Amino acid sequence: SRAIQTLQMELQQIMKGNFSAFMQKEIFEQPESVFNTMRGRVNFETNKVLLGGLKDHLKEIRRCRRLIIIGCGTSYHAAVATRQVLEELTELPVMVELASDFLDRNTPVFRDDVCFFISQSGKLPYILIWEILEIR
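Taking full-length UniProt numbering, the leading residue of the sequence shown gets 1, the next gets one more, and so forth.
Hints are computed from structural coordinates only; laboratory data are not their basis. Among the hints, erroneous ones may be present.
[As the list claims (entries may be wrong)] Listed next, with one range per pair, are the computed distances between beta-carbon atoms:
no. : residue 1 : residue 2 : range
1   : V42       : L103      : 32 to 38 Å
2   : M23       : D101      : 43 to 49 Å
3   : P108      : Q30       : 17 to 23 Å
4   : F19       : L58       : 51 to 57 Å
5   : I61       : R2        : 56 to 62 Å
6   : D101      : I27       : 25 to 31 Å
7   : F28       : A78       : 17 to 23 Å
These figures come from a predicted structure and were not determined experimentally. Backbone N, C-alpha and C define an ideal beta-carbon position, used for all residues, glycine too.
Build the full structure now, drawing on both the sequences and the hints.
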């Protein structure tokens, strides 16, 4: 049997790797992270982008009068970053809302609006939808 070795390291040090700070690690991991984000969605041979979740709802999206994107943290910032592109592609007004503000203000959502709930964990949209249904 092998001898047990005790590491004199904190978990943070192990996760940080050889970088002096987590921010430095994140900066150096950006190219791989961007590539992983595009995997399965961007086809460089045909110059096409496929956003799988949207494909099934194109009919409703094309009929709507405005798009509302709701998120928090980095999800909110991703929404802000894509607002202009979506407005240019759809020729529709695009609103971006912080999830907490969206609920606290009781933001009016009309029948012909389309809402996108963005979440890193995947849990936030379900929570928001249930709260909205209970409120309205």
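Sort out which numbered hints this structure fails and list those numbers smallest first.
Numbers 2, 3, 4, in rising order.
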